[in-house]
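Q: Those protein sequences? They're chains A and B, same order as listed. Heads up: the first sequence runs through residues 240 to 654, numbered per my numbering. Heads up: the second sequence runs through residues 240 to 654, numbered per my numbering.
Simulated from the structure, these hints should not be mistaken for lab results. One thing to keep in mind: the hints can contain errors.
Identical copies look the same in the list; a pair holds intra-copy or inter-copy alike.
[Stated by the list, open to error] No more than 27 Å apart at the CA atoms, straight line, and that leaves these computed lysine-lysine pairs for BS3-like:
(1) Lys642 / Lys423
(2) Lys390 / Lys325
(3) Lys423 / Lys640
(4) Lys390 / Lys309
(5) Lys423 / Lys325
Listed here are the chains, written in short residue letters.
2 protein chains.
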Amino acid sequence: MATLAAHKKHKVTIVGSGNWGTTMAKLVAENTKAHPTLYELNVQMWVFEEEVTIPKNSRHYDPGSELANKPQKLSELINNLHENVKYLPNITLPPNVIANPSIVDACKDSTILIFVLPHQFIARVCDQLKGHIVPYARAISCTKGVDVSEKGIRLLSESIGVRLNIYCGALSGANIASEIALEKYSETTVAYDPPPMDSRNPTPKGSPTSSTVDLISPSKANPSARSARLQALPSDYPPLSHENVRKLFHRPYFHVRMVSDVAGVSLGGALKNIIALAAGFVDGLGWGDNAKAAVMRVGILEMVAFGKAFFADSVHTSTFTEESCGVADVVTSCMGGRNFRCAKMSIERGVSIDEIEQSELNGQKLQGTSTAYEVNSFLKSQGMEDDFPLFTAVYNILEGKVKPEQIPDLIERKD
Amino acid sequence: MATLAAHKKHKVTIVGSGNWGTTMAKLVAENTKAHPTLYELNVQMWVFEEEVTIPKNSRHYDPGSELANKPQKLSELINNLHENVKYLPNITLPPNVIANPSIVDACKDSTILIFVLPHQFIARVCDQLKGHIVPYARAISCTKGVDVSEKGIRLLSESIGVRLNIYCGALSGANIASEIALEKYSETTVAYDPPPMDSRNPTPKGSPTSSTVDLISPSKANPSARSARLQALPSDYPPLSHENVRKLFHRPYFHVRMVSDVAGVSLGGALKNIIALAAGFVDGLGWGDNAKAAVMRVGILEMVAFGKAFFADSVHTSTFTEESCGVADVVTSCMGGRNFRCAKMSIERGVSIDEIEQSELNGQKLQGTSTAYEVNSFLKSQGMEDDFPLFTAVYNILEGKVKPEQIPDLIERKD
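Bound-form chain A, shown alone (with noise of 0.2 Å):
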């Protein structure tokens, strides 16, 4: 019997234009040019559409254009100069990254969506898109985080899966979005594990193949984790599977690591944050590296244990220890990231995050802060605030219940 080759190729698009949005449209856009049998050339980029004005200090700045210091969309201005001026400015992108303003344009027949939203438009975006993309598509969460309140613990991947009814994975490491559109050398872990699904079989006309799954294994956190009915990708396209997703984001310069882990990755980016304002507070003390680097590593542990207290039948302690995701994305954040310089600077002023945050960001929350108080929240509903004392003496640093000084005996294992 002859094999059917796959002859359709997938179609990808870009949920998302800011800073990492565009990165990710750059090297997803050399890599479908790279691997012509598997991709479209072009990569479809929505954009939120807004009106912008060249920069002065731009390249493209022309004093003597009729455009010049005239509001043009956004668009089009990427689409023009092959160049996003206002999120990603001096870096030229391939010409197939395609910018499109409508949402449901820019994913349709889109087998392959890259979700690179703020966590906050991630379900509005997925409500505009229901019932307008391909019920077979596969999405990757390029945005760091979870929801974790009182009542439990979703993934953004769950979210975004969940409310378009398609396996979502989702992409995390050390990245710090402005190297990486440089082409400085970086790592990244991507994780990807859609249940098994034989797209040899081509899926019968009007009656698609599909398969009942967990999108994400029942947790003690997720007690009610929902079964999916997921569409199995036709045939005739080539398979998803863990060599062809990483040829999608794998670059000379961005390595990645392919894991099936989606919760270890999704905890990571968003535990770290955590971690790094307990560097900061240390640093802040003056206490030198060695400190720095044991809050560091009981962090890692913490994050490791947190998985295997609430995911434990799907998380691996390798994906915090040993990938990007884990612990090279905490080295990054405690080295120079927001929530570590702002932990720190609060330590050294003297003065509360709350007013770091108002002096410093105007206003704006940082990530470490907010997923503390969720994750304390979360834990003190399950009765296990005294299992993780780090992730506990950072939430007490900030409510002022207790001093940095204080977290080498908070942590200190009494055996």
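The hints should help you fit chain B onto chain A, whose structure is shown.
A: Just chain B, lined up with the frame of chain A:
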């Protein structure tokens, strides 16, 4: 049957009195005082005798004293001033640290010998001690590193153990001595795994109980790893369990985790220096924090692979990925250690590491460069250079055979 209670106490000697040795003496003496049923109060510290003049900026310098500007014996200065004015100035030592210029007298009747000597002095000091220690003594090596050559790998703890025919464990971690001396918070890892010996059975007079053990599991690197007859600790001493050994080192500001993996702890302290060079090269190129974190992560995994390849029977992945002697020591070394700084400088100035060693270290060799050469010579002899692309890249950069810019390409996994 009544349990025979331990009625003897362990006598502890610190073999070495440099910066790290004196710091160790301070914290161990704090602990012998805190645990009087286990340890004799006084801690002997062997001092390589030298004539020292109290520095003019010392708090002990008294221009009116007849001893001002006169050389005095270092051991006497330490015992009179309770300070090592030469190697750990401005730190007050507990009065139960007793400096002793005689190695044989300092170690007489000691059941616990803590080695904190520069690498190159270990063999000579052991030779001086041979025959002058109790046969059931136990040792801990606090000197980092391993002896690697074309012929194989020998842990320093193994060198000590073999020379003295006693069991020797290892202590290593993210431990910058000056920070610990100031009681700034840090952590360490102590590996201690003597063969099972039942200390409840009193040793018959004249025929001490002994047992035959491998000091270290046979490995590919040490096919001839020999067995040694180790003498059991008499039962009138408190057992040297993990719990009791931990009490000798653990302080509120110095948290100890006990493990059994002596090879892993020792390898971590040696191989991290190669990683620090790689991180320095990448940072010197201005590649940013993503790249630095990536190199550190890849380096930790090469540590794991190295341990597994050559000490498969005894090494645990978690020693490298979860303990202070692994991940945390890598972090500290790559944040500001000497290897890191010199490697970075060599790239920024466009000169060889040799030249940096000449100009910045008076020709003293970096630990990282010698380790990189030794490890490469060993890997070559095993035909395994390609299995350790980062270690091999560092060697080839030192040799001028490849450029630091090639690191991403050299360590890229082609799967």
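Q: Kindly indicate which numbered hints from before are broken by the structure, ordering the numbers from low to high.
A: Hints 2 and 4 contradicted; others consistent.
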